[in-house]
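Enquirer: For the protein sequence lines, the chains are A, B and C, in the order given.
Take 119 as the starting number for the first sequence in the working numbering and just add one per residue.
Take 851 as the starting number for the second sequence in the working numbering and just add one per residue.
Take 68 as the starting number for the third sequence in the working numbering and just add one per residue.
Rather than coming from a laboratory, the hints here were simulated on the basis of the structure.
No experiment lies behind these values; they were computed from the predicted model shown.
We treat Cβ as the ideally placed atom computed from N, Cα and C, and that holds for glycine.
Misleading hints may appear alongside valid ones.
Covered stretches of chain C (in silico footprint by chain B; criterion: 3 or more residues with CB under 8 angstroms from a CB of chain B, positions within the stretch not fixed) [what the hints assert, rightly or not]:
no.	stretch
1	90 to 96
2	103 to 109
3	137 to 147
Distance ranges between label pairs, derived from CB positions [what the hints assert, rightly or not]:
no.	chain 1	residue 1	chain 2	residue 2	range
4	C	L138	B	R951	28 to 36 angstroms
5	B	E997	C	L74	31 to 39 angstroms
6	C	G128	B	R953	25 to 33 angstroms
The primary structure of each chain is shown beneath.
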Amino acid sequence: MVETILIAAAALVALAFVLAMLRFLRGPHAVDRVIGFDVLTIISITGIVLVALVEGRAIYLDVALVYALLSFLGVIVAARYLEGGEE
Amino acid sequence: MARSVDSAKLFGLLLLFWLLLNGSVAPGTIGVGAVVAALIVVFFGGSLSFLSGHRLTPDALIATLFYLGYFLRELVRANLAMARIVLSPSLPIRPAIVKLRTRLTDPVARLLLANSITLTPGTLSVELKGEWLYVHWVSATTTDPEEATREIVSGFEKYLEVMYG
Amino acid sequence: MTGPFALIGALIVLAGAAFLFLGGLGLYRMPDSYTRIQAGTKATTLGTLLVLAGAAFLMPGWWIKLMLILLFLMFTNPLSSQVLARAAHRAGIRPAPETRADALADDQGDAS
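With the hints as constraints, model all of the structure from the sequences given.
Expert: This is how it looks when you write it as C-alpha cells:
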C-alpha cells in the first residue's frame, strides 16, 4: 500500500518535472527559463528525497541539501546577470 | 557590548547547525564545530549579522510561534487559491503591481516580510525600496497603497515588529 | 518503511506531490513571468514542505536532516523568486496586458 502511494507520488513529481521542463525550453524570455530552472531544481530535490525513501539510504539527503544550496546560488547569480549590472 | 552578544548568538547558531548536520554530540564533533564556528564569527561576523538580529526575549519567542502559525495558514490558503486559478480553464486572474508601505526598520525583518508576502495568497514581492514594497498581486482588489498595505502587510507586521523590535 | 505512521506519511507525500504537479501546471499555463513565478514558488514551497514532512513520518530517524532541508528551502525559495521577479522587472519585462496597474513602472517613470 505504502509503496503504491509512493509510486503515484513519484509519477506526479515526474509530471511536474516535465511541465517545468517545457517552460524551460519554451522561454520565451531568458527570465522565464531561469524561473523554469528554479522550479526544476526544487522538484529534483523532492525527487531525491523520494529516492532516498525508496532506497532507504539517508546519504541521499545530504546530496539533496548540497543540491539545494548550489541551485539557490545558481539562481541568484543568473538573476544578477539578467539584471544587467544596473546599480 | 551589543556586538559581543551578537557574536555569541551567531556562534551558538552555527554550532547548533553543525551538530544537527552531523547528528551526533561526540566530543570530537563538538570540538571541530566550535573551532570552525569561532573562526567564522571572527572573520565573517560582520556580513553574517543578519543571522543574529532576532531578539531572544519571551515576548519575541511567543511572537515567533504565532508568526509561524499564521504563516503556515496563509501558505495553505495561498496554494488552494492558486490551485483554483490554475485548474480553471479560463485562468481567472486580475493582476496588478501595487505599492505598499511598511513600518519595519530592521533589514532582516523587512526581508522576512518580503519573503512572507511572496508565499501568501496571490502576492509576490518585486522590489524593496526603503519603506516601500512593490508587490505583484494576481487577483488585485485595489490599487490604493493604503488599502493594499492593510490587506497584505498588517497580518505579518505585528509579529515581526515584536520579533525584531 | 512500516509502522503505524507509514500510511499517513505516504499520503502526506502524495499530497505534496500533487501540489508540485499544480505548480508545474501553473508554471506552464500562466501568461507572463510574474504570474509564472507566483504559481511556481507557492506550490513548490508547500509541495516540498509536505513531501519532507511525509518523509519524516516514514523515516522518523531522518527528521533532523529533513528539517534542515526544509528550513533552508523555506528561506531561500521565496528569496530566489523575489530576486527573479526583480530581475524580470529590471530587464524590462512588462506584465501581461490584463494587468491593471504597474506602480513600480509608474514610479520609475517619475524618477527618470
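Enquirer: State for each hint whether it applies.
Expert: Evaluated hints:
1. 90 to 96: It holds: at least three residues are needed, and the stretch 90 to 96 of chain C offers 3 whose Cβ sits within less than 8 angstroms of chain B.
2. 103 to 109: Contact hint for the stretch 103 to 109 of chain C vs chain B: holds, 5 residues under 8 angstroms.
3. 137 to 147: Held - the stretch 137 to 147 of chain C has 3 residues with a Cβ nearer than 8 angstroms to chain B, which meets the minimum of three.
4. C/L138 with B/R951: 28 to 36 angstroms: Distance hint for C/L138, B/R951 holds at roughly 30 angstroms.
5. B/E997 with C/L74: 31 to 39 angstroms: 46 angstroms, violated
6. C/G128 with B/R953: 25 to 33 angstroms: 44 angstroms, violated
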